[in-house]
Amino acid sequence: MSKEPMTIDHCICNTMEEALRLVELTLDQTTDSVYWIDSNGGFVYVNPAACDTLGYSRDELLTMTVQDIDPNLPLDTWAKAWGELGEGRTLRRESCHRTKDGRSLPVELLVNRLEIDGREYNCFVVHEISGCNQGQKHVRGLNEEIELQVARRTSALLEEIEGRERIETALLDEKEKIQTILDNAGQGFLTFGPDLKIDLDCSEECRKLFDGEIWGRLFPELAFPNDDNQQEFLNSIFEDIFKNSDLGMHEIFLSLLPLEICINGKHVHAEYKEILPPGDSQERKLMVVLTDITETLQLRNQIEEERNLLRMVVKAVTSYNELVESARDYILFCQVQVSQILDSGKTTEDITYEIFRMIHTFKGMFSQLDFVYAVSRLHDLESQIRQLRAQPEKPTVDDIRKLMTTSGMEEWLEKDMRMLKDILGEKFFSREEVLDITPSQLADIEQIVMILLSPAENKQLLPKLRQLRYRSFKSLLRNYPEFIRCLSERLQKPVKPLVIEGDDITVDPDRYRDFTKSLVHVFRNMMDHGIESEVERAEAGKSEEGNIECRLRVEDSSIFLKISDDGNGIDVNRVREKAIEMGICNKGRAQGMSDDEIIELIFVDEMSTKDDTTDLSGRGIGLSAVKQELTRLGGQISIRTSPGEGTAYYFSLPIVDTANIPEVSPESVVRQVISRATELMRDEMELVVDDSKECKIVKTDKLMVEGIVVLINIKGSLSGMLVMTFEDKLAQCLVHRFAMDELTPEEAEEHISDAMAEIANIVLGNSLDVLPELSNWVTIATPTTIKAEGKHVLGFAGSDIWTSRIDTEKGYFTLSLLPSGNT
Amino acid sequence: MAKILIVDDSKMMRKNLKKILVQSGHEVVEEAATGMEACSAYDLHKPDLVTIDINMPEMNGIETVKRILESDPGALIVMISAHNEQSRVYQAIKAGAKNYIVKPVRADKVIFVVEQVLSQYG
Numbered sequence: 001m002s003k004e005p006m007t008i009d010h011c012i013c014n015t016m017e018e019a020l021r022l023v024e025l026t027l028d029q030t031t032d033s034v035y036w037i038d039s040n041g042g043f044v045y046v047n048p049a050a051c052d053t054l055g056y057s058r059d060e061l062l063t064m065t066v067q068d069i070d071p072n073l074p075l076d077t078w079a080k081a082w083g084e085l086g087e088g089r090t091l092r093r094e095s096c097h098r099t100k101d102g103r104s105l106p107v108e109l110l111v112n113r114l115e116i117d118g119r120e121y122n123c124f125v126v127h128e129i130s131g132c133n134q135g136q137k138h139v140r141g142l143n144e145e146i147e148l149q150v151a152r153r154t155s156a157l158l159e160e161i162e163g164r165e166r167i168e169t170a171l172l173d174e175k176e177k178i179q180t181i182l183d184n185a186g187q188g189f190l191t192f193g194p195d196l197k198i199d200l201d202c203s204e205e206c207r208k209l210f211d212g213e214i215w216g217r218l219f220p221e222l223a224f225p226n227d228d229n230q231q232e233f234l235n236s237i238f239e240d241i242f243k244n245s246d247l248g249m250h251e252i253f254l255s256l257l258p259l260e261i262c263i264n265g266k267h268v269h270a271e272y273k274e275i276l277p278p279g280d281s282q283e284r285k286l287m288v289v290l291t292d293i294t295e296t297l298q299l300r301n302q303i304e305e306e307r308n309l310l311r312m313v314v315k316a317v318t319s320y321n322e323l324v325e326s327a328r329d330y331i332l333f334c335q336v337q338v339s340q341i342l343d344s345g346k347t348t349e350d351i352t353y354e355i356f357r358m359i360h361t362f363k364g365m366f367s368q369l370d371f372v373y374a375v376s377r378l379h380d381l382e383s384q385i386r387q388l389r390a391q392p393e394k395p396t397v398d399d400i401r402k403l404m405t406t407s408g409m410e411e412w413l414e415k416d417m418r419m420l421k422d423i424l425g426e427k428f429f430s431r432e433e434v435l436d437i438t439p440s441q442l443a444d445i446e447q448i449v450m451i452l453l454s455p456a457e458n459k460q461l462l463p464k465l466r467q468l469r470y471r472s473f474k475s476l477l478r479n480y481p482e483f484i485r486c487l488s489e490r491l492q493k494p495v496k497p498l499v500i501e502g503d504d505i506t507v508d509p510d511r512y513r514d515f516t517k518s519l520v521h522v523f524r525n526m527m528d529h530g531i532e533s534e535v536e537r538a539e540a541g542k543s544e545e546g547n548i549e550c551r552l553r554v555e556d557s558s559i560f561l562k563i564s565d566d567g568n569g570i571d572v573n574r575v576r577e578k579a580i581e582m583g584i585c586n587k588g589r590a591q592g593m594s595d596d597e598i599i600e601l602i603f604v605d606e607m608s609t610k611d612d613t614t615d616l617s618g619r620g621i622g623l624s625a626v627k628q629e630l631t632r633l634g635g636q637i638s639i640r641t642s643p644g645e646g647t648a649y650y651f652s653l654p655i656v657d658t659a660n661i662p663e664v665s666p667e668s669v670v671r672q673v674i675s676r677a678t679e680l681m682r683d684e685m686e687l688v689v690d691d692s693k694e695c696k697i698v699k700t701d702k703l704m705v706e707g708i709v710v711l712i713n714i715k716g717s718l719s720g721m722l723v724m725t726f727e728d729k730l731a732q733c734l735v736h737r738f739a740m741d742e743l744t745p746e747e748a749e750e751h752i753s754d755a756m757a758e759i760a761n762i763v764l765g766n767s768l769d770v771l772p773e774l775s776n777w778v779t780i781a782t783p784t785t786i787k788a789e790g791k792h793v794l795g796f797a798g799s800d801i802w803t804s805r806i807d808t809e810k811g812y813f814t815l816s817l818l819p820s821g822n823t
Numbered sequence: 001m002a003k004i005l006i007v008d009d010s011k012m013m014r015k016n017l018k019k020i021l022v023q024s025g026h027e028v029v030e031e032a033a034t035g036m037e038a039c040s041a042y043d044l045h046k047p048d049l050v051t052i053d054i055n056m057p058e059m060n061g062i063e064t065v066k067r068i069l070e071s072d073p074g075a076l077i078v079m080i081s082a083h084n085e086q087s088r089v090y091q092a093i094k095a096g097a098k099n100y101i102v103k104p105v106r107a108d109k110v111i112f113v114v115e116q117v118l119s120q121y122g
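Chains X and D, in that order, give the protein sequences. No gaps in the numbering here: position 6 of the first sequence is 6 in my numbering, and each next residue is one more. No gaps in the numbering here: position 2 of the second sequence is 2 in my numbering, and each next residue is one more.
Only chain X is shown next, with the shape it has when bound in the complex:
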């Protein structure tokens, strides 16, 4: 709107009427609402647009005030605003009109003031700003959106760029990684195309393998620098592969390429792969993967060698005799037999054949023993001989001789033998042939010797035999230090290493083994119950490591063994309780027993004071086993324990020399024999024996004999001779009674000596059965009989004779023992 008020004068119209009509038309047509209000706010004029917009009819509106449609226009503030404005000015204001149907219309008011004939009028031009605002809003919105979109697109683009940059970096990283992998794979990767020139991108390993840069060089040249044939071969095959489009053939060609190449003295394994890039247009390439297997080969060879060595050693030990024999035979062959055969005068053909056969045999023998070197040399010699024989000009004996003497075959064993000696020791081969004898075989021999020989002879021989079988007592305990160490680890209780200290003595292991084995329960108990954990020991102010001692003392005829620990000690009260609990003794008795007596109870079966039976002990059987063994040996045990300080077991064992053959006095033997003889005469021969006086055994140095004399030799723990004499008339009687059938006088005469010998034999034999200690250790020889004519004196040099005489109703007999010296 122009600032200057317009008057109708300014119109170009001809008449007032025309001008008015134009103005009316304008007002009628305009879409803006136009109305006039008077000073009271009442409507004096409204145009059609106003009516339409507000929804009222003209007539209605003309009765209303502006306040009816616009509560925001109170007259008082209006006047003020108006006053400020002044004449001819326009007031522009936003407000809100209310339509007839209650809608709110945001509007913009352009208000003018007019005075006509002293009357004040306000002219309102109203247009809705909703549409306009909306439009503007819309445009603004669109603008904003556009800007947003632009921003988004920009940031999206930036993101994309960033993303791509990241990918690029990642790719570069990956490439680096792959390159690193390839470089460090220990394998050389190289590629080449139809020109066979190696590409730039090859792995580090290639440079290492070939000792320098290889790109641009021709592969065949590189692989076989000194072998023109191979180069040509490779060239042809590669040409074929690159030219030929039949992929099937490629496989075949590739398979013909060499698998192993030698580069700078290194053994290299080669693998060939065809690389087919996507799309036919791109160049095909071949990739070669090279792996340095020099070390692998070396290792393989080394392993092979060691395995051979191992086999050889095992054979040497298990077939020792065979080895020694073979070695001996071979040396003999080399030094003696070859010349023998050569000089034998046989045909050359025969000689050659025989030598060949021998070599072949030795080859086989040493092959059995895994003598790798000797076998290979013998094999070569074999081939040489074979070649000689195959020649058109047959070899002469001298040719063969020359071959054999220059071969140096005696030394071929040395190499393998040296390896064996290095491992098994020099002494290994200086042994004679070795025999295996078991301890039981020795024990048998000992027994027999003791029976057959006199005590004097036994004294000489038995110790030597025993030396073979007996062991030191300490050696029977040799496993316990390791046992303690294992337990210490398992139970996590540190213990100082166990040392078996003190005296030692050679004993019969068979006799003591069960006892020393049972000691395992003692040691186990000590570790389990006795020695405390590290913590407990620290609390008790003890040394970190527990202490277990084992000490031997040998005195006179006893072995004293002390096994002790510095642990908890035996809790006597617990033992007492347990004993009561287990019903081993009742409460009353248990209370009454002294501590020592209580402690003894731990040897009773089923006793253990530990409540939870651990895997190791506490089953209550162990210690009773020890007691059992001890008793069997005739030994003793005593225990000393102190709570918190430790426990000590004292074992004493008698040394029983099983060489102690029971000694029996000759006197007792004679007495026994007499008793049996008397019995025989009385009961079986039915003779009356004069036993009125007690049988007197006399020691003499001379023996009077008459009648039939029977001599029986005794050997063993008792050595000597039994002499039994029969008065003739007694003998006569006995022979008839002894015989089963009736005897004629001639027959009696014939058999009388035999009969007496028999009787003496029986008597002696039976007596010895009664003396069990003797019966095992003594042998009785066949009797010798003498018919003494008249009386004779029997003297036994240097020894006493134990003799006795018994009378019977039919005559007397004597029994004498002539023991041989015990020296």
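Honestly, the hints are just simulated from the structure, not real lab data. No residue lacks a Cβ here, since even glycine has one placed at the ideal position from N, Cα and C. Do not rely on the hints blindly, as some may be mistaken.
DSS-like, lysine-lysine: derived pairs with alpha carbons at most 30 Å apart [claimed, not checked]:
(1) X/K273 with D/K94
(2) X/K696 with X/K791
(3) X/K197 with D/K94
(4) X/K810 with X/K791
(5) X/K208 with X/K315
(6) D/K103 with X/K273
(7) X/K266 with D/K103
(8) D/K94 with X/K243
What follows is a list of derived Cβ distance ranges for each label pair [to be verified]:
(9) X/E251 with D/K3: 25 to 33 Å
(10) D/P57 with X/T406: 44 to 52 Å
(11) D/P57 with X/G265: 36 to 44 Å
For this one, chain X is given, so just place chain D on it according to the hints.
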């Protein structure tokens, strides 16, 4: 089920090969011990496939390949070679053999190669 001609100077080898081929259902129409025999046997029987030992006295395997292919360019030939004869095998293949088997012959390998050649070129 193909008709096969075996060419090898070793009777043992021929026997082994024959056993393998027959056991897997093929027919051995002829065994030839030399290159010359091979050529005439080929003309006579017109087998589906020929196995030729590379190493033969007088006419060697490669020669034989060439001769047979002269008379029948479509002949299917498989070479039998001892180890380490790659360059000779290569020559044979250049001359027209289709594939090769390395001694000692194993049944599975022989059948694989033979049947592959038959199916690919037959």
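Evaluated hints:
1. Taking the CA atoms of X/K273 and D/K94, the gap is about 21 Å. The hint holds against a cut of 30 Å.
2. For the proposed pair X/K696 and X/K791, the alpha carbon gap of about 21 Å is at most 30 Å, so the pair holds.
3. Between X/K197 and D/K94, the direct Cα distance comes to roughly 24 Å. Compliance with the 30 Å bound is thereby established for this hinted pair.
4. At roughly 19 Å between alpha-carbon atoms, X/K810 and X/K791 fall within 30 Å of each other, so this suggested pair holds.
5. Using a Cα cut-off of 30 Å, the hinted pair X/K208 and X/K315 is violated, with the two alpha carbons roughly 44 Å apart.
6. For a cut-off of 30 Å, the pair hint linking D/K103 to X/K273 stands: about 24 Å separates their Cα positions.
7. For the proposed pair X/K266 and D/K103, the alpha carbon gap of about 28 Å is at most 30 Å, so the pair holds.
8. Proximity of D/K94 to X/K243 is assessed by CA-CA distance (about 13 Å); at most 30 Å being required, the pair is judged to hold.
9. Roughly 26 Å separates the CB atoms of X/E251 and D/K3, a value that falls within the hinted 25 to 33 Å.
10. Distance hint check for D/P57 and X/T406: the Cβ-Cβ separation is about 36 Å, which falls outside the suggested range of 44 to 52 Å.
11. Look at D/P57 against X/G265: about 38 Å separates their beta carbons, and that is inside 36 to 44 Å.
Of the hints listed earlier, those the structure fails to meet are numbers 5, 10, in rising order.
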